[in-house]
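There are 4 protein chains.
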Amino acid sequence: MNSRIQKDTIESIKIPINKYWGSQTEKSRKNFKIGVPGSMPIEIIHSFGYLKKASAYSNFRLGKLSKEKKDIISYVCNKIINGKLDDQFPLVVWQTGSGTHTNMNVNEVISNISNIIIKKKFKNKQLFIHPNDDVNMSQSSNDTFSTAMHLSAYKKLIENTIPSIKNLIISLKNKSKLFSNIIKIGRTHLMDAVPITLGQEFSGYAHQIEHGFNCIKNTLNNLSKLPIGGTAVGTGINAPCGYDKIVVEFLKKKTKLPLKITKNKFAYIASHDSIVESHAALKQIAVSLIKISNDIRLLSSGPRAGIGEIYIPENEPGSSIMPGKVNPTQCESIIMVCMQIIGNDVTISMAGSSGNYELNVCKPLMIYNFLQSAQLLSDSCKSFKYLCIDGIRPNYNRIEKFLNRSLMLVTVLNVHIGYEKSAHIAKSAYDNNSTLKEEAIRLGYLNSDEFDRLVDPKKMV
Amino acid sequence: MNSRIQKDTIESIKIPINKYWGSQTEKSRKNFKIGVPGSMPIEIIHSFGYLKKASAYSNFRLGKLSKEKKDIISYVCNKIINGKLDDQFPLVVWQTGSGTHTNMNVNEVISNISNIIIKKKFKNKQLFIHPNDDVNMSQSSNDTFSTAMHLSAYKKLIENTIPSIKNLIISLKNKSKLFSNIIKIGRTHLMDAVPITLGQEFSGYAHQIEHGFNCIKNTLNNLSKLPIGGTAVGTGINAPCGYDKIVVEFLKKKTKLPLKITKNKFAYIASHDSIVESHAALKQIAVSLIKISNDIRLLSSGPRAGIGEIYIPENEPGSSIMPGKVNPTQCESIIMVCMQIIGNDVTISMAGSSGNYELNVCKPLMIYNFLQSAQLLSDSCKSFKYLCIDGIRPNYNRIEKFLNRSLMLVTVLNVHIGYEKSAHIAKSAYDNNSTLKEEAIRLGYLNSDEFDRLVDPKKMV
Amino acid sequence: MNSRIQKDTIESIKIPINKYWGSQTEKSRKNFKIGVPGSMPIEIIHSFGYLKKASAYSNFRLGKLSKEKKDIISYVCNKIINGKLDDQFPLVVWQTGSGTHTNMNVNEVISNISNIIIKKKFKNKQLFIHPNDDVNMSQSSNDTFSTAMHLSAYKKLIENTIPSIKNLIISLKNKSKLFSNIIKIGRTHLMDAVPITLGQEFSGYAHQIEHGFNCIKNTLNNLSKLPIGGTAVGTGINAPCGYDKIVVEFLKKKTKLPLKITKNKFAYIASHDSIVESHAALKQIAVSLIKISNDIRLLSSGPRAGIGEIYIPENEPGSSIMPGKVNPTQCESIIMVCMQIIGNDVTISMAGSSGNYELNVCKPLMIYNFLQSAQLLSDSCKSFKYLCIDGIRPNYNRIEKFLNRSLMLVTVLNVHIGYEKSAHIAKSAYDNNSTLKEEAIRLGYLNSDEFDRLVDPKKMV
Amino acid sequence: MNSRIQKDTIESIKIPINKYWGSQTEKSRKNFKIGVPGSMPIEIIHSFGYLKKASAYSNFRLGKLSKEKKDIISYVCNKIINGKLDDQFPLVVWQTGSGTHTNMNVNEVISNISNIIIKKKFKNKQLFIHPNDDVNMSQSSNDTFSTAMHLSAYKKLIENTIPSIKNLIISLKNKSKLFSNIIKIGRTHLMDAVPITLGQEFSGYAHQIEHGFNCIKNTLNNLSKLPIGGTAVGTGINAPCGYDKIVVEFLKKKTKLPLKITKNKFAYIASHDSIVESHAALKQIAVSLIKISNDIRLLSSGPRAGIGEIYIPENEPGSSIMPGKVNPTQCESIIMVCMQIIGNDVTISMAGSSGNYELNVCKPLMIYNFLQSAQLLSDSCKSFKYLCIDGIRPNYNRIEKFLNRSLMLVTVLNVHIGYEKSAHIAKSAYDNNSTLKEEAIRLGYLNSDEFDRLVDPKKMV
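Residue numbers (my numbering), protein chains in the order written: chain C, 25 to 485; chain R, 25 to 485; chain F, 25 to 485; chain P, 25 to 485.
One chain only, chain C, in its complex shape (with noise of 0.2 Å):
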């Protein structure tokens, strides 16, 4: 492999001929072979792309930077924005806590093009642009690589975790209202119970999830605020003044978002619990929907020997060995990102709570993990509308079967004959694999029109 040599304040290091990156990048790559390369998320490196772009131009507005540099450092940040540098960025999340590597990524990237544009198209000896005195000006990693995490975590999360769970909750409350006039027993510790809609059921789901959703919500306000501007320790040394507003005001612009400079830039560089209550949010949602899930498959398993109450869409062949089979997979794939966001949860916590002094050091960790869970969320909660919840359908025959042949119907009675008069009948009832009307009028409670016209479960959702 062809390679150059690049050097830092540390040593000189070999890079391959194809890559951009500098000496700090690759001194990285070496020092932390640790899982899969690359698995920094993508989209921080394209959040960098906004913020050293916003940074040359607040640095270029405040007479630190020439508007030849600002000009190039753009139009580098550019393509990493739109993702055609997404090669140079070889490096893990398992790195220093800070992101510091990262942010020499792309300090390195920048600056290491600019100057080969410099060379060929501007034939400027003269000009050079330095990856931590130009691209890197007035910012630290510790303030840009929290900003990093901010924009990353609250674009994922307007731009796909949202839209996906408001999907789902139409989708449920659709269900709802379809199934608003569909009596089926209610169930209460597995057992049989009194009844309820089916519909009543899913306002029960989309009420959850509506929960969840809000939860997010209440959390994106803290989220869209950014520390950047504090630089090393949230004091703002080497940053010039005015130039946090100046960048605030360009991100706002270009990503749209509405975002803001943080009151305490020290809290927000030594701690990341915005990310932490955020995801507590995203943990929720999972806590609800592995509720729904199970009560799905539960509610469709079968065909001949489970509940059966409602079919779900047959999406594939669910067996390699048992022909004719199909299972509930969007609920178990589901399941199995909420246990995983779960688990990120406990991890999020523990990295939030291990900064020390003015800087929190797990900060790819928690990000990494943040928006693995907001992506599976997201992409989860698309795949199991369109593909589960949309295609609900009641087994009408089941639903009635299991509703007529109820033990619980009883309980209507408590408010007319009492509690132990009604268990009396209940137990009898099943004692004798009876109905509960034969019981009623053998025990000389109630005679057969009494009995019908208390116990309707029309009456009772």
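A hint or two may mislead.
As the list claims (entries may be wrong) - List of simulated lysine-lysine pairs, DSSO-like, C-alpha gap at most 27 Å:
(1) 241(C) - 91(R)
(2) 445(P) - 91(F)
(3) 284(R) - 91(R)
(4) 197(C) - 269(R)
(5) 269(R) - 280(R)
(6) 197(F) - 269(P)
(7) 406(P) - 241(P)
(8) 88(P) - 483(F)
(9) 201(C) - 201(R)
(10) 143(P) - 445(F)
(11) 143(P) - 461(R)
(12) 179(C) - 57(P)
(13) 54(F) - 406(R)
(14) 284(F) - 190(P)
(15) 287(R) - 287(C)
(16) 197(F) - 54(R)
(17) 54(F) - 43(F)
(18) 38(R) - 406(F)
(19) 201(C) - 482(R)
(20) 91(P) - 197(F)
(21) 483(R) - 88(C)
(22) 197(P) - 269(F)
(23) 144(F) - 94(F)
(24) 54(P) - 445(F)
(25) 284(C) - 201(R)
(26) 190(F) - 269(P)
(27) 143(F) - 445(P)
(28) 88(R) - 287(R)
(29) 241(C) - 57(P)
(30) 91(P) - 445(F)
(31) 143(C) - 91(C)
(32) 179(F) - 54(R)
(33) 406(C) - 57(P)
(34) 201(F) - 144(P)
(35) 179(F) - 241(P)
No wet-lab data here; the hints were simulated from the structure.
Position chains R, F and P against the provided structure of chain C, taking the given hints into account.
Frame of chain C; chains R, F and P shown alone:
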């Protein structure tokens, strides 16, 4: 032990003579000898006191329950609310997952004491108060236990946790102001970094706890919603129309809490997303507090071989073997509390995800963990504030010594002589065990005056 | 309240007259009003009883402590071991992370009671037993509390958890044998699958718990190792040579447990990997038990709208509103216990990872969670065995009905007519609501005799 | 994109022309667009390569499969094993919970490539290899995926994780020996304590990792057990007698791993307790490593305002803004890995607990998290050893300075003048900013010679 005989719908059973519970309580007591007796949180019992009273009132208002019965039930409920009957509730958390046994425990105690009162005072042999038909009228365990969960959780947060956290924030803000002029070395990656003020550090702590405080407040609205009136599965079978509104109005008046009826009783009985949500906010604060407490014990470490930039109060002798030792015990205590809360959050998430069909059957587990977290957080924030934060004093000597010999003051030179020359100075000073100034002059990058003008910690914060 | 004055190395303090603890205990009591008073597990106190007695003996044997002192200390220790002084230990888990306050609580109670005995009985004013110099002689909190943790944990496993689990295994194996000829439908993905015997299902349960049981046993050796003699940091400063061996020999004799000295006292004081390890084994069993309990409540669900293949004992009335309802309460209870244990495992992992330098300061938290898990697991396994597993009976009717109408019996035809034709038969039977046999003949794949010969559930298990 | 048509038992479907998978794979690819494509670990695919080859061999040996078919299948399997077909497996973790889609992906790729080979080379139009009837002969996804899980997990531990950990232990032990004479101050509660040697500290680290290493080894036996031959539910339906033994013998020979058949295939398909067990051991090591890494970064903190008792290698420039900064990046990286593993353990525990009846349907989730943890732990232990531990050097200067001015050397006086006088000396020295010796003499407790004789750090370790 003397005993009396009680029977239920299954069989007869003996009960200690001085206890007012009935057969269902006694059965639960015998069938669930798991862990410490009486572990069901007493807050749940007291909430049931309010709820059974409110129910009797509502049933009376709707013409379902006589004034006499309502009055006697209310009289016994008052005793429960005031903690006079705490020894009548021997059941454990690890019972049925709906909390039915505790609901029946309350029903039985109210019924049995009521009937004794009737016999003694009223000499009215006709009047009989039935645990199910009267005390539990219009209710199920499923809606009442869920309602008692919300009531207990909400009260605990409002009356304990939130005030403690508020006071902690005030204390942290006070320190932040008080320490606003103390310039010290900042640390990132645990390593020396650029200066910051001690006040800025504490402003970060205050900001974090305020962030968490707002997270808790965000969750209160959902927590204030009650599923009472939903009875067994959320449909409200056997509860008369209007029952729920009267109950909630009564509860609002008696508890002075802004309670309301949930819009979806199905979701609130089959799941406990509000409990999951509010606990995540407690966990959020736990995450922040671990960071802060760790900082404080690191900053106060020493006295001679640690950081020692601050003094914390000497509350107790620290060691049984090392005389004169004083330890950061309040920090250690609150860190343990926070780790408990992070573990409890996992339990609550699993429990919250495990409902089936119309009922979550991990109710006792969820509220047990919730109340433990809320109480421990409340108590330890109070303790941490009064016995640690309030007493923190700076060690001016150490702060100044560390600040002056720091090599990272060099950072400010980046913008004057560039990153690489600045690095050269810092590395030389480190290698030669000299000062930045000596090296800056020796290397010919700056003269003495320039150095003094540029490298001034006061201008760096 | 009457009180007396005690002083320590910091100040003087008042103590209730009927309590024998001293100033350090009282200070901890006042400084850590966190959660329920006295929450430090009593098992730790009892272990300290053994340990202080063993220490006095060892110090006596090594000529450091007089026979009189040793005898009096032993006398008081016996009272502690026998639970006669349980009300003298008011401290909480949420104290200093080394457990020093509890060590001093023990030292003070032994010293104060000893000195009262000396005054009363011996009339010997000369003799004085000092909490640090005598009771704590050759010890530190750091090695004694760690030792008490191991002793308590080991004892709890041996005396409670392991026997309960063993009995549960026996019960599951019995059921497996008893049910070995009951052929039923198997279910995968909650959907109908190929046949299995009920005995085979229970053999899987037994195998799982046996697996977990072996996991616990694997951890006992490490748990039996004690760091006593390491004193403050593991070096054994102030402990005479040979002290540790005599202590451990004494403990072995008195507790009849195969205790030993750890080979690395540094690791055993600075960390608690054995606690982490053994708790992970408890968690392992919790994981298995959730699976098994869920199966049992699904299999017993109904009575008329569920699976209902087995009966579980009717232990209590299940509902306050639905008469005649019986619920799988033992399953629910043990599932809650298991979820608590999974959460506790996170707490223990975090706590275990948080030691610094020579000391882990989450000791009380770790042992509190460990003992809770071990006790709850023990109690609930016992309850689950006697009140659920032992009483399980098959519902032959349902089992046969489900088996005979299953479409997945078609699987056996794969090897005769191939997967695709088999799938064709199954799908046709499903679509036409007919039997496999009808379709096999109609589609011309098999004749009646062939079908009967090949499709025989008895040959499939 | 060119495509061809394939059909399954449900419908026909288009597939890219250069891909050899079939309709079931393609359907899964379309129905589960969740997260990164191809996220199913490649280790699982390679394990399937071994397994399908072993199956073909076993079926051949038992007279079920012709030699021709066996040979062609084996030929394609070799390509899979050698990684030549890695781009033919596009499916994700978040598919059906049994991993059926991946099993079918393997079946289809083998079948399609086999049939192409047949057409091209053999010109034998008669011979046709069916994905289900031939490649999947005698198998189900349920036993094969479970077997592939064990095979992958076992191989990963043996080939990667265990060797890395072993090397780390050697490195820590080396340092322990090397540093055995370096006496330094010990620290408990982060506060100055009694002396210890640097070698003793490292012996504790070595002991911890060795402890964890033994924990992993303890789990290998269960992990080596395979449920192959159990087919769909563990009964082995459609697998000929003896099939499992031949498969496992073949696997043993080819992989050189001591594999065996599990005694209970029901448990090994319906649950994954061995995965839970082995991962808990990985978590155990993660817990230990966090402690150790934190120590190392605390001990190396500085260079001028930290502890600085050791030097760690300067691997990269530490900061994009602070010139000359060097950070403990290997520590940070491995700590992030360990927190990921602790979170993964929660995911695996939940997943492990969620089986129902005859099948756990979180199989892909479990093995995905397991392999991630095992790989990250392996890689980061290697990195940590070579780039951190191996390069640690003591800073003699700082070590001596801290040791000599410590007040806790006073501890050794307890046994001579008692705890209270010793405390008096320490407190006076602290208050007067003097030395212990000065105060001991001033207070008249000891003379100069006595002090020097008694207070000698060398005698304290």
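Would you list, in rising numerical order, the hints stated earlier that this structure does not obey? Violated hints: 1, 9, 11, 15, 19, 20, 26 and 34; rest satisfied.
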